[in-house]
Structures are given as C-alpha cells and as structure tokens.
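Line order of the protein sequences matches chains A and B.
Here this note's numbering is used: the first residue of the first sequence is 64, the next is one more, and so on.
Here this note's numbering is used: the first residue of the second sequence is -11, the next is one more, and so on.
Be careful, since some hints might not be right.
[To be verified] Straight-line C-alpha distance at most 16 Å; calculated EDC-like pairs for lysine to aspartate or glutamate: (1) K15/B with E165/B; (2) K387/A with E165/B; (3) K278/A with E(-5)/B.
[As the list claims (entries may be wrong)] Going by beta-carbon spacing under 7 Å, a handful of chain A positions derived as facing chain B: (4) V84; (5) P271; (6) N385.
None of these hints come from the bench; they were simulated from the model.
Glycine included, each C-beta is placed from N, C-alpha and C at the ideal position.
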Amino acid sequence: MQPTSIQPVRLAVKWLLGLAVGSILVAFAAPLFVESNKSYVWDAELEAFVIREGTFRFRHEGFSNTYIGAHGFAGVDNVNSSDSYALWGDSQVQGLCVNDRWKIANLASTREVGLLPIAKGGDDVVDWYSKIPLAESAFKVKGHFLLVTDLQDMYPNGSDFIAAPDYEIRTKTQTKTDPPRMNSLKANVDRFQLSFVLLAAKNLFFEPRSMQRRKLRFAVGPAPTKQIETIEHSITDVALSDTWKSLMPDLASRSSKPIVIVYCPTVPTIVNNHVSFKDPAENQFQLLSEAALEHGIDTIDLTDRMIESYQESAQFPHGFHNGKLGRGHLNPVGNQIIADAICDYISENR
Amino acid sequence: MLFTQPEFLIFAVVVLLITWRLSNFPKKLFLLVASYYFYAYWDFRFLALIFVSTCIDYTLAFLIAKASSERLRTSYLTLSVVANLGLLGFFKYFNFFVESAKPIAESLGLEATTLEIILPIGISFYTFQTLSYTIDVYRGKLEARTSFLDVALFVAFFPQLVAGPVVRAAELLPQFEEAPPWSLVDFYFGFQQFLRGAVKKIVVADHLAFAVDEIFANEGVYGTTTIWIGVLAYAGQIYCDFSGYSDMAIGLAKMLGYRFCPNFNHPYVATSIQEFWKRWHISLSQWLRDYLYIPLGGNRLGSVRTNLNLMITMTLGGLWHGAAWTFVVWGVLHGIALVTHRNLLHGLLSSRSLGKLVGWALTFVLVLTAWVFFRAESFTQSLSMLGKMYVPTDGHLWLPTVPLLLLLALTVEHVIYVFHNRIFELPPTRWYSPIITALMIWAILMFPAGEFRPFVYFQF
C-alpha cells in the first residue's frame, strides 16, 4: 500500500459507501424476513384500538401477508355485515400467520357463510363481553361465535377474575395499546420500509422474549437466580364451575342473538416424544359447556374433529414448518376444520 | 460473561481503549485484572481455583528448571500433572465415576454417594493450558518464567479462558514478554474475525439449535428425513457455535495485539478422518498429539501399538468433552475411524479425485453419525436416531425453514471456501468488504435467538 495522504480518505469514503450499500440491500430484503409493526388506531364503533388498515406481514410462524380491513378485520375486505355472524377470538381468529384465503372467515365464505373476525391478539372474554353490544349495533350481525382455544381466555386475570369477575378491567388499564406517539412512529417506519431498523433497535435495547428493557449486570457472580413464575394451580374445578355459572348469564344478557362457544384445544400435539391426543383441559371444558347450556349458549367441541382430521391426513391442525408442528397457532388445516364446523352448525340450525 | 452479551461488548471496548496505548507491564497487569473480573462475573469463588492452579504450576515449573537431578524434575512434573488432573478429575468426573461404579459398589454392599459439585467453567481448557507450561519446561522447550504476572495472565487471559482455543505456553508467554506494538491492520482483521464469529454463533448456531432441540427431544415422532435434518443441523450448530467462539477469541486477542493459532479450518471439507482432526478443534488435537499420543509412543512402536495409542488418545479425548459414556463412545468411534483409515483406506482415498469424493462422503457421514452420540441424552436416544437415519422410517416430516436456509448458506460458504479460501478474510481495500460487514452487523442486530443460549463448549 502506498503511503499517500489521499488513500485513507478514499478508503473511508469507500467504506461509508459500502456500508450504505449493504444497509440498502438489507432494506430491500427485509420484507422477506421482518414482520410489519403493529400500529393501532382507535375504532369508534368498537370502542377499542384495532390494527391500522393496510397490508400486514407475518414471518415468524407461517409466512403470510394479511390485508387488514376496516375495524381491524384481518383478511376481510368487504364487510357485508347484515348477513354475517361475528367471530370472536384472539390471535387464532385473527390468523395473521396464514394468507387471507386460509383465514377462517374466508374459508367459511366459500360456503356462503359470512363471518366478521372481531379479534386481536390477547383478546379474551372480557373484550368480547364489552364489545358484543357494540358490534351488534354497528354491524347488525345474526349471531356470535366465540372461538376458545385456551380456556384461560374464559377466566382472564386468573384467580382474581374467579373471585370477582370484572368486565371493565380492560377499559381501566388500557394496557394493550402503545401510546399514540409510538403508534404513529411504527406506522411511519412501515411506510418507509424501515421495519428492520426498529427491529434492530428493539433487539438492542429490549430482552427478546419478555420485551422488558435490558438490564445490564456488571457485578461479579454468582448472579442471583431469577424466580420462575409458577403457574397458578390453585384454581379448583368447583371455583371454575361457579365462575362460569355466573359468567354465562352475564354473557347471554349481552345479546338477544344466538351465542355459540367453539372450543378448539391444541390437539393432537407433540409432547414428550409422542403425539398426544389428550386435552388436559377436557374436564374444564365439560364444566364450561354445562354452564353455557344452562343459559342457552351452545357449545361446539372440536376435539374429536381435530383428532379425526389428523388421523386421516397425518397433518396437525396447529403449527407450521417455520414454527413447531402440532403447537402454536392454527394452520390452514385447523382453520378449515373450524370454518366447516361453524358452517355445519349454521346450516343445521338455520 | 458471554462474548454475545451486551455487557461483554462494553467490557471489551473499555479493555481495548485502556490497553491501546499502555506499555507492556501496565497492559499485562490491567489485562490480568480484567481477566479475573471476566471470570468472577460468572462466579468469583472459583477464581481461587484458577489462582491455586497458577501458583502450583508457576512454582513447579520453576522447581523443574532448577532441579538438580532428573528424578527430582520428574517428581515435580508428576506433582504438576497429578495436581492439575486431580482438580479436573474431582470437579468434572467425580460424580461420573461414582455413578458408573454404583452397580459394582452396590453388589458389594457399599454405598456410592455423589456430591453436589459445580463444574467450574473453563476448567478443561485452562487445565490443559497450564499442563502445557510445566511439560514444556520439563522437556526443555520453554524456560520457566520468573514473572508471576506473565504466568498468571497466560492461565487467565480472558479471550481464551473459558472455551479455548487451548493456547500453549510456548505460544503465548513469549508474546507477553515482547510487548507487540498496536497495529491498525491487526485490529481490523481481529475485528472482522470477531464479527464473523459473532455471526456464526448468534445468527447461525443459535437458530439451528431451535431445530436440533426439537428433533432430538422428539425423535420418536419424526421420520427419516427430519432426523437427518436434525443431525445435519447439529453438525452445523456445534461447528458454528464452537468455531464462532474461537473466532471471537482469536479476533479479540488480535485486537489486543496477541496472536493465537487457528482452531478451525472448515472441518467438513475434510476428505479423511485424519484430515478432519487437522481441521477440527486444532488446538486440542495438537495438544492430545503432543502431550498424550506421542508420549504413549505415537507411531514409533509398531502397528499394533500405534493403533492402540490412537484408540487411547481418542477415547480420552472423548471423555475430555464430557463426563458421560456417550462422549466416550463418540471418542471411540473417531478412534476406530482413524485406525481404519490408517490401516485400510489411506492409500485408496488419498490420490484420485473420485477417491477424494468418496473419502469426503465417508468422512462426513461418519462425523455425522458420531455427532448423534455427542448430542443425545442417552444411548437409547442415540440408537433410536441412528436406526431412523439408516433405516427409512415413517414419521412426521418437519422442514424447519430457517434452519434449512442456514444449512444451505453454510453449504454455499463451504463450496466458496474450497475455491477461494481467503475470500472471507475481507481485506479492507476490497469493494465487497464494507458491504459484507454491513450485512453481518445487521444480521446480528436483527436475528438474535429468542432465548439465552450459552456456548455449547462452556459445558466442557
């Protein structure tokens, strides 16, 4: 290398340009690997924050693009509300990990059944309870299907809810939405194709799993061991039964239209080196079902349909190749089972 | 402290800044303090063990050098070997031997009780390093050091303290005396190697681990194709994890002005098992060769004895990795392969290109087969996986997307290496170097594994 004075400057410029080119390449390739940011807008009719309209990329489980329509409806473009049923749920109903054609609402539409997926990741019975009257007034739906994949969604807040059901906890805390400034930042980041920058910043400053701000430790070890949160086991079947016996009339009173609980547990699944067909919450669902029937709320148990489908096709209703088979969110097979079950129920009870 | 922790990055920057312009003595003193802090970050109580080990070998090396008779010299060396291997044996193998002897002890009416022992991190590595010091002094290849600081820093030097490479005294101690001048070129290439290691660990190894953990834990559910994916992913994971750590260690040392020998050289392109061991964990295989295989007689005592020496060396090499019979079997398999290659295949596979291709395929399949024992929790699991690998078996087909893409990328990287083996050094004047550097930095920032994963070799 000739020791000239210009060379370090040239090298520095070359490096700056090269780093910029590398970053531009990342920006172009990022949509293949990086998800959209969830930014929310206030929906006056549902009185809740919903995901902003537009296309949403989901990458870490399944590989899909979802059109988010009005009111945050995932995969639904035209809302023909007067001829539709509301499908309540959480991220399983939202179905961001499958493309629009495999979402429950769109699979049902092939059998000419209209479903409005009123769901957001993390929603539970408290959200459904508060929004059912709003949805009825806004969309004139013909009935309500509540998709329950985890019975904990029927007693949010665990033992606190069981001790004293509080349907206002969401409106009191408003924990599920980002502050407006962050929302608009996320929206702008997506608009300018800079999701990867926000992702990198998140990874740098937050713990990847908990999304808590990173806490650095410089003290010598041994590090204090973290207390592992124990799962609540103290909820007895009797307490659950009592809770649901009081919840069901409250829920039924929210609408004069039919309400149906669709139960879809994670079966079959892979547990301890074998395929398990056992739903650990089977008994609890029986309690829920009994309480629901007493108050005119029908239930559909999809456990057997899920198992039969697996036995026929050897395909799990849950999970993806880029996640884990038999675990995680519903895949197209699972969504098809649910859509068929809802359509069958409607045609049988027309 | 892990190289991939944010705390470590801050620690490394501070160390690099402070040592940048220091003269030799204060630099070494500061590096020793920093190295002890680095180790104490995990558990300060085990610093005492490193300090005791350092004192023993410093003193014994000195006594060996000053000993008036051969007998005395040998006694001091024996004491060093017994002390070092005694510590290693107690902390790493006590419970293993007790568990293994339990059936015999119980049949004799004796009680075999295990102890709650914490394995001091890095003990396998620094034990071998300190042994190299006393043995080399005994052999007259190295002078005993009068500077306790140099010996203490050699034992505890943080880049290689907890997971190697197994740096020998003859390699590092002279560098501590010379005080290498700071060089921007060394710093640049050290940084690139550190970055490359971080990519291997964070972006590749930790994401392959996702598939490995799932497939090894549920091998009964999956069919032949997925089992092969699991084993290939493990081969990629352990290579990228360990060579990633080595790259980070070597790069860091280079940034500080010190040189370590390479520890990996694309082992999966090896066309024989002998060549594999010249490319995989080079510092360990050379240590075993020089301090175990050759003292046993090496290849100087006839064919039968050579084969026996190979088997002993590889079996103990397997046991060095972990206190479990599966590691022993892994070592034995490699020993058998080396013996077979030496006696039957050497001439057949070394010359023609077809022979090389067959040699590569045989070597790769053998290495993969042996990895099953290395990774599995038990013999039952190993045999179940091997059964599915070699007898087509029905079961679920899981094609984990990201691990498959990473395996494809690793394959491409190996093919490129075969034709252009210097390309990945990224010389600063090449046009592609800043672009690839940017891609590597973004990849680390964008794709850290979702959960905390220490380096695989920390457990050894």
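A quick look at each hint next to the structure:
1. K15/B with E165/B: 11 Å, holds
2. K387/A with E165/B: 54 Å, violated
3. K278/A with E(-5)/B: 10 Å, holds
4. V84: 5 Å, holds
5. P271: 5 Å, holds
6. N385: 4 Å, holds
When held up to the earlier numbered hints, the structure conflicts with hint 2 and nothing else.
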